[in-house]
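Peer 1: One line per chain: the protein sequences are A and B, in this order. Per my numbering, the first sequence starts with residue 1, numbered consecutively. Per my numbering, the second sequence starts with residue 1, numbered consecutively.
Worth flagging that the hints you see were computed from the coordinates, not collected in a lab. All C-beta atoms, glycine included, are put in the ideal place defined by N, C-alpha and C. One or more of the hints may lead you astray.
[What the hints assert, rightly or not] Okay, the calculated beta carbon distance ranges per label pair:
1) 54/B <-> 50/A: 53 to 61 Å
2) 119/B <-> 58/A: 31 to 39 Å
3) 22/A <-> 79/B: 37 to 45 Å
4) 45/A <-> 200/B: 50 to 58 Å
[As the list claims (entries may be wrong)] Residues of chain B placed beyond 12 Å of chain A at every Cβ, according to the derived structure:
5) 32
6) 94
7) 147
8) 160
9) 200
10) 210
11) 212
12) 223
13) 257
14) 300
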Amino acid sequence: MRALKRFGADGIALLLATAIFLVPFSFMLLTAVKDRVQSADLDFAWPTSWPVVQNFVEVIEARDYVLLRAYVNSTILTVVSVALLVIFGAMAAFVLQRRAGKIGKMADFLVLSGLIIPPAIVPTIWLLQGLGLFKTLPGLILVEVAFNLSYAVLLFRAFIAAIPRELDEAAMIDGCSGLRLFFRVIFPLLRPVTITVILTSSVAVFNDFVNPLYFLPGDENATVQVTLYNFQSQYNTQWNLLFMDIVLITIPPLLLFVFFNRKIVAGMTAGAIKG
Amino acid sequence: MTKQHAGPRTGPAPAHEKHVRASKQRAAYPYTLYLPAAVVYLVIFLVPTVMAFYFALTRWTLFDSTFVGLQNFRDFFAEQNLRIGFANTLFYAVVTSGLKVVLGLLLGVLLTSRLRLRGFLRSVVFFPVLVSTVAVGFTFSALLRPDTGLVNRALALVGIDGPDWLGDAGTALLSVALVDVWKGVGIATVIYIAGILSIPRDYYQAVAVDGGGAWHRFRHVTLPLSWPATYSVILLSFIGGLRSFDLIWTMTRGGPGFTSDTIASIIYKQYQAGFFGLSTAGNVILFVVVTAIVVPLNYFLGKRQAAL
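The following block holds chain A by itself, in its conformation from the complex:
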């Protein structure tokens, strides 16, 4: 009886999870592999024909390979932003954790502000334009670094707090301090949290829609999210292609999730609870 009850609970949970969480994803997949006519119904039906390869090729070739270029842009954006985030964030967090004082308190306050305050959009555009970085990839990279820095600093600081100071002192006796102390001794120890920061920030930057929309508009060097958005307004009769695009864009986070599920979850909960 007990076992039956437990199977029952499992069954109900599975059924609900399928209905609520898996159906939307199967809808994406099914629509992506339908032909153009059937996909226009936008209903939840089994495909009558399976032009999978054709849809894939068409989406890639659409508008002169815009999706491929967007993929390149998004990759550069994500890799460079995350690399800078990790290095800048870890260095700042190290001093912030180790050295209290007026500047430390100030920095603490700024970190929290960065988590809460919504960025001022048009003044940022004005500033980037003044620096000659508006509508450029480097400009957007700096924006992503600035807006995601607080979160990275919080994660790093919590981790550094668990590294004993005796280690620093030992290194200092060996004549290692400042930059060398950080890069030779501390940074290698941060590996676990570095991986967490890399994963969570990559997902955030890759999926970001608002900042590219404002700071890198136009088709020339759009990111995948903006391309997807533009795709909808220009090709709203070809739903199969739109959803093929969605599927292609969902693959990178899906891969990260499959391989690093635990790390990502750990990072997001740690960040939340410490924040």
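Take the given structure of chain A and dock chain B to it, following the hints.
Peer 2: Only chain B this time, still in chain A's reference frame:
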């Protein structure tokens, strides 16, 4: 953050020792390590935030600005189309964070129970967090279509005539908020799971000794002791909800009419229309709303946490 002492100490340190320690600190933890982060943060984030307070008071074309006083703010509150964003933003934040707390807690309890499929279900609930908001927005726009959409087809099966979720002024914003909950409840759930798992088993054993049932366990142990998780979930989803733009923009673009506009979508619309001063005034208003809600909320929730 508290200052850590190297060892036990009696009385205040002699002056020279203090000096040595300070200079050692300077050498070991130089402020130059702050420099790259500080430059990017100050220039790209802080300067625009501060400048916004000035530009919000101007008529502005990016190249030159004329000071107009509080005119932009007056416009913001006088025009119905703009004022509605205010109420909508609050509604959206309250609905999303309320539902995330309730559903996140329920799912957290469920997924820490002895279900066999626990691991699989946790993944299923969490995955939408990692999917791009634009993709989620488009997918649900299709699922919520009035005639062919899956949601209304399913409702028709049980005899309910579903509304035009996104096309009807009465349901548009609520529908978007529900999709937001669908996408974001995974975060709330994993936060609750972490919170519930950190509750010492002894409490549950104590309830069992007293003969308490499942409801008792939930009501008197899980619920009060997962308070830190609730605190995080409320704060996170409130901050997110007040600022939310992408899901609204991809699903309704603030429509029909202006009925599902939030402050963030109005900022974008005014920017697109070339009213940079007005757009920036929207930013300042959003800033005030967020700080006026989040800072007291943080204080209040933090106090309750300390009292526990």
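Peer 1: Checking against the hints above, which ones are violated?
Peer 2: Violated hints: 5, 7; rest satisfied.
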